[in-house]
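Asks: Model the placement of chain Y on the given structure of chain U, informed by the hints.
Take a look at the letters that make up each chain.
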Amino acid sequence: MLRNPSGRRNSYAASALILALTVAALPPTAAIGGPRVAIHAKAKVKRVAIPSQPSARLARPPAAVQDNYARTLLRQMLQAEQHVVLQGSQTTVLNRNGRSVTSEQQVLRNGSHAFRLEYTQPARLAGQLIIDNGRAFWHYSPASKRLEVGPSRVRRLRDRVPQVMRQIKQGVLAARYIGRDTVAGRPCAVVEISSGDLAKAPSRRFWIDVANGAQLRIDEFGDRGQLISSSYYTTVTYNPTIPKDAFKPPATPKDTHLASPPMSGPSLTVAQAQAQAGFAIQQPTYLPAGFQFQTASVSDFQKQKLVALRYANGLNVLSLFETKTGARADAPPRLLRPRRGVFVLAQSGLRLILVGNLIQSEMEKVVISVR
Amino acid sequence: MNCNNYRKLIPDYEDGLLSDHKLANVDLHIRSCKECGEFARDVRNIATVLHDLPTAQTSRQFDGRLASRIAEIPARKRQILSDRMGWLLRNYAMRPALAMGAAAAITGGVFFWWHPITQTDASAAPDRVLVTHCVQQHRNYVGAQPLSDIAAQNLANQLDQTSLASSAVQMPGEGGF
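Heads up: the sequence lines are chains U and Y, in that order. Numbering-wise (the working numbering), the first sequence opens with residue 1 and increments by one. Numbering-wise (the working numbering), the second sequence opens with residue 1 and increments by one.
Here chain U stands alone, though its shape is the one from the complex (with noise of 0.2 angstroms):
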């Protein structure tokens, strides 16, 4: 049985006390919108139909919570997500063009250090393995026999966590807590989180297990309050038995073809990047409220340089990319829209892509800003 380090399991454990009373001393609200779920842990939970928009059942925030609570179950849940070991059984919904597609898969976290996810549905996808063991990440399909590997993420996303810690404290992004709700049968505090007015920023909600802060489900929403993806366990172990294996690199036929999946370079400077794309990077003037520039990086497209500009707020991210084409410098500018999220500019000899889920007018701002 893997345990947490002794110096730590008292602390976590005192914060998980602390959380769980005070959930119970809040006043019970309304049932909180969304599928219900088999009580009995180990029942599969057949695909039940997720809300296209939120629940109208969903409790209005009682007057006497305080974002502030919102905003500590956050941090607390971050802090969880660093140290909880769990194995469960997922479902994801993803909305797309008013179609719905969905998955199923098995997965296994040790904290931050390591991650496994195994598809099991659909059958195009099952069998699909994505293994991640702080070092490197590696994902395999069978079916293509196509195996890419690249830089861990669970790394990355475990060095940005001080950061989005501090951007909740100080209330960059606005926290709101919701009500409770049950998921895998645990009994969850559901938190939503913006970076701005709900009506206009793509939001999401995080079901947060009221016993250890574990994740348990989270819906994100788009920029008009539409459902754009939900993932939430139907079946959830705490510190499993995991196996010597379980995040080594997967076992692959010699036929396989070795892939790198489209990654941006090391995290550099914009004086860095430009130093290595061998052309005069452009930077927006404009960034929405709360957005930073968080890192620069170089990667190859094609035999050109590609470079990328990550501009954060904690919650959601703009991609900046941008490569020279044969265009005259001087030829007008062009922007194109070739769907929702994505907005491509070419002027001065660069063609700039830009990748974000904000409203349009943002998006338009930032993108027509760039010097």
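Read the hints as simulated data drawn from the structure, not as lab findings. Here the structure is a predicted model, which means the values were calculated and not measured. You may find that some hints are simply not true.
[What the hints assert, rightly or not] Quick list of the computed label-pair ranges, beta carbon to beta carbon:
| id | chain 1 | residue 1 | chain 2 | residue 2 | range |
| --- | --- | --- | --- | --- | --- |
| 1 | Y | Arg128 | U | Ser260 | 36 to 42 angstroms |
| 2 | U | Val270 | Y | Arg128 | 57 to 63 angstroms |
| 3 | Y | Arg41 | U | Ser260 | 52 to 58 angstroms |
| 4 | Y | Thr162 | U | Pro162 | 24 to 30 angstroms |
[To be verified] Here are a few chain Y residues that face chain U, going by a calculated C-beta distance under 7 angstroms:
| id | residue |
| --- | --- |
| 5 | Cys3 |
| 6 | Asn5 |
| 7 | Leu9 |
| 8 | Val131 |
| 9 | Val135 |
| 10 | Gln136 |
| 11 | Pro146 |
| 12 | Asp149 |
| 13 | Ala151 |
[Said to hold, decoys possible] Covered stretches of chain Y (in silico footprint by chain U; criterion: 3 or more residues with CB under 8 angstroms from a CB of chain U, positions within the stretch not fixed):
| id | region |
| --- | --- |
| 14 | 16-22 |
| 15 | 31-38 |
Glycine is no exception: its CB is placed at the ideal position from the N, C-alpha and C atoms.
Replies: Okay, now just chain Y, sitting in the frame of chain U:
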């Protein structure tokens, strides 16, 4: 005369362009030589197929333009061209194919003059491929952020890869990454 020499004469033999003496010789040979006989049948079949092709409708100015273009060639080159093209021009069955080929060449020349081919690099790469690459890189970056849904990000990437492979790119229409 060996089979190679006879085979050079077979197209003219099929077109009835040989002298009586040569025609008799070739006729006698293809009746007695199995390979040359089959070759003669192939030539005959090809001519039949070409003859059955729909005749390309050229514009009224086509003949004039073609004649002008030929007139621009120096006289010596013109003679060479005429000799080499003689078989094709004399072959009635080849005229429709020749006209279609000439029309295609003129059309292609006009098209590429209007749309010059530029040097291939990332800037000339299809925007769809570049944009999809950027979106996936963005998702992979977001997936390494706290408060993000790794499973949803990966599922979205899977859908994009499937759409791109089927040449029906589905960008994140709902703004979710």
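Asks: Please go over all the hints and tell whether each is borne out by the structure.
Replies: These are the hints, each one checked on the structure:
Our hint of 36 to 42 angstroms for arginine 128 of chain Y and serine 260 of chain U is violated, since their Cβ atoms are close to 20 angstroms apart. Between valine 270 of chain U and arginine 128 of chain Y the CB atoms are about 28 angstroms apart, so this pair departs from the stated range of 57 to 63 angstroms. In this structure the supplied range 52 to 58 angstroms holds for arginine 41 of chain Y paired with serine 260 of chain U, their Cβ-Cβ distance being about 57 angstroms. At roughly 37 angstroms, the beta-carbon separation of threonine 162 of chain Y and proline 162 of chain U lies outside the given 24 to 30 angstroms, and the hint is violated.
This hint is violated: cysteine 3 of chain Y has a C-beta 48 angstroms from the nearest C-beta of chain U, more than the 7 angstroms allowed. Taking 7 angstroms as the C-beta cut-off, the interface hint given for asparagine 5 of chain Y is violated, the closest approach to chain U being about 53 angstroms. About 54 angstroms separates the beta-carbon of leucine 9 of chain Y from the nearest beta-carbon of chain U, more than 7 angstroms, and the hint is not met. For the restraint placing valine 131 of chain Y at the interface with chain U, the shortest Cβ-Cβ distance is roughly 6 angstroms, inside the 7 angstroms limit, so the hint holds.
For valine 135 of chain Y, the shortest C-beta to C-beta distance to chain U is roughly 6 angstroms, which falls under 7 angstroms, so the interface hint holds. At a threshold of 7 angstroms, the smallest CB-CB gap from glutamine 136 of chain Y to chain U is about 4 angstroms, leaving the interface hint in force. Hint on proline 146 of chain Y holds. Least Cβ distance to chain U is approximately 5 angstroms, under the 7 angstroms limit. With a least beta-carbon distance of about 5 angstroms to chain U, the hint placing aspartate 149 of chain Y at the interface is held under the 7 angstroms criterion.
Against a cut-off of 7 angstroms between C-beta atoms, the interface hint on alanine 151 of chain Y holds, since the closest Cβ of chain U lies about 4 angstroms away. Check result for the region 16-22 of chain Y against chain U: violated, 0 residues qualifying (beta carbon to beta carbon below 8 angstroms, three or more required). Under a criterion of three residues with beta carbons nearer than 8 angstroms to beta carbons of chain U, the stated coverage of the region 31-38 of chain Y fails, only 0 such residues being counted.
When the structure is compared with the earlier hints, violations turn up for hints 1, 2, 4, 5, 6, 7, 14 and 15 and for no others.
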